[in-house]
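**Student:** Residue strings, one per chain:
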Amino acid sequence: MEAHALMTARQPRNRRGYRAAYVLTLVVPLAAGLSYSLRGTAYTPPFNLVEVAPGNFVHLGRQVSFEDPDTDDIANIGFIVGEKCVAVVDTGGSVAVGRALRDAIREHTPAPICYVINTHSHFDHYFGNVAFKDDGPQFIGHRKLPEALGGDNAYVLEHFGRYLGEHPSNADIIPPGRTVDSTLELDLGGKTLRLTAYPTAHTHCDLSVLDVGTGTLWLGDLLFRERLPSFDGSVLGWLKVIGTLEQEHGVKTVIPGHGPIGEDLEAAFADEKRYMETVVSEVRAQIADGRDIDQAVETVGLSERERWLLWDQQHKRNVSRAYTELEWE
Amino acid sequence: MNMQTFGRGLIAALAFFGALQVGQAAAEEKLEIVRPKDFKSDVDLWATFLRDAYFKDTEIIEDKTVIDMKTPYRAEDAAVTPVSITAQFDQSPDRYIEKLYVIVDNNPQPLVGTFHFTPDTGKADLALRVRIDRYTNIRAVAVLNNGEHHMVTNYVKASGGCSDPFGGDIYEALKSAGKMKFRTVGEILADQTQLGQFSISHPNFTGMSINQRTGNIVPPHFVNRVTLVYNDKVVMKAETGISISQDPSFRFFFKPGSGGTLRADIEDSKGNKWSEAFDVTEAPATAVTADKGT
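In order, the protein sequences belong to chains Z and A. For my numbering, count along the first sequence from 1 and bump the result up by 1037. For my numbering, count along the second sequence from 1 and bump the result up by 9.
What the hints contain is simulated information worked out from the structure, not anything from laboratory work. Do not take every clue at face value.
[Stated by the list, open to error] Taking lysine-lysine pairs in the DSS-like style, the calculated list, with each CA pair at most 27 Å apart, reads:
1. Z:K1310 x Z:K1277
2. A:K188 x Z:K1277
3. A:K65 x A:K188
4. A:K184 x A:K282
5. A:K246 x Z:K1277
6. A:K264 x A:K242
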């Protein structure tokens, strides 16, 4: 598992070479375990940052698994700078990553941080919110995001609470104070952002951010590139949302929640869409053939295997989720 | 560096060694019960508590002469872990399985359910989907008509299946509760045992997840009785609990003969009752094939 995380995209895996795989399985966890011990629970620099379009700065997350020791820095996060205000789009999976992002903002502009936007409810995108609390920004999210973050977060605190400090509690999880029903425009001073809320897709609360002037679209986890998408909301709903997004005109830069920056919207969605359509059609065939979940997870989508990172950690779960959704069609 | 972070790193490394050992065993198609190093409890709940609680002094034979069980080594979705139990012989009036217990040792409610069969069942196979809260042993205990208890045990890696945030809209899920589906799998042949799949739409709330809208615990609300009767003969009767996944689904065998009616009676923990009848005809709507057994 660990070994796969370190490979680059499109690199074919040794499917039969069990011996080689075992060697990697032996060495890599030791290295990962050791580096984790030395580094402790905090993210450590250097903090990469790219200006992908005028005023749009992206920090690219690492393509490692949730099961890795260091999973606080896996999401693409960043900020947009206007003449009057800065808007943050996702804050990373730990207070440390959030602080590193805040430091990066301060290197580029003294403008106040007016908005912190969270694209959805997964911890790798919002645990860093707490690093911006003292700036007093408006925290903004989908109308369903408060439901997802506002209650008891026992599950995420138990599994990932270490990224919030020594005594993580619900108070460290900051839900939005302002929500988006369908769309919302924000003026940063010479820059207009258009936020769009979607029906259930990757999650129940996906939100995108468009910098209208430069045609830069921040998609959060509506778009995974190279890293295998994870199904949490509805795979059919997600495909519908992709269909809607492909109709957008004037997008010149596409920022996925995970993976490299794209230029053409349709091209950027191509892999994800093909993967999801493949899983949907093959799961439907399994259901029609009377095969149960345990058989479906072993056979569905295998043609996609070499095209994605972190396949072993996520694919079968996706098939299982798609199955339980599609069997009630 | 403090001891805690060092410990975590060490545990991560050990966990992968554990996975490696079992990976090799699986390659030899052996099921080995391995307790991983990062197991959260030192208590063997089965030995210290459950065995006595469920079976008192009854002798339990651990072998595969009566049933075998298939579970994933690692549950990909802990809230929906497929478990299939296969009987090693057909039901006959002389020798049949009258009851199956399914137990997940480390779940908050270990007994998933009890499932009753008759000689008319054909074959006492059962496939179901369970929640798994943490790394655990899963057990199936078959009780024969002569009173013998035979047990098989598998080890499953998973976590979070019981307290995992409910994956949907609570209010929407309750709206469709009680909707049922039944289908036969494969071609129906007279005088043969036939695989059937029965599913109920029900959120099966565990009582451990949170209503994110109110911040309150969602009270337990689950299917606790399932009775399936085919042409007035009981095919399966089950008492079930919160360890059954959302939208409970069961696969089992029955003898369709030349057709008839399968009646399903469901009851949940709040006293809601639903009934539905399904026609079973000799010629299925579409000719479909299935792999052997469940």
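**Student:** Quick one: which hint numbers does this structure break? Sort them smallest to largest.
**Tutor:** 3, 5
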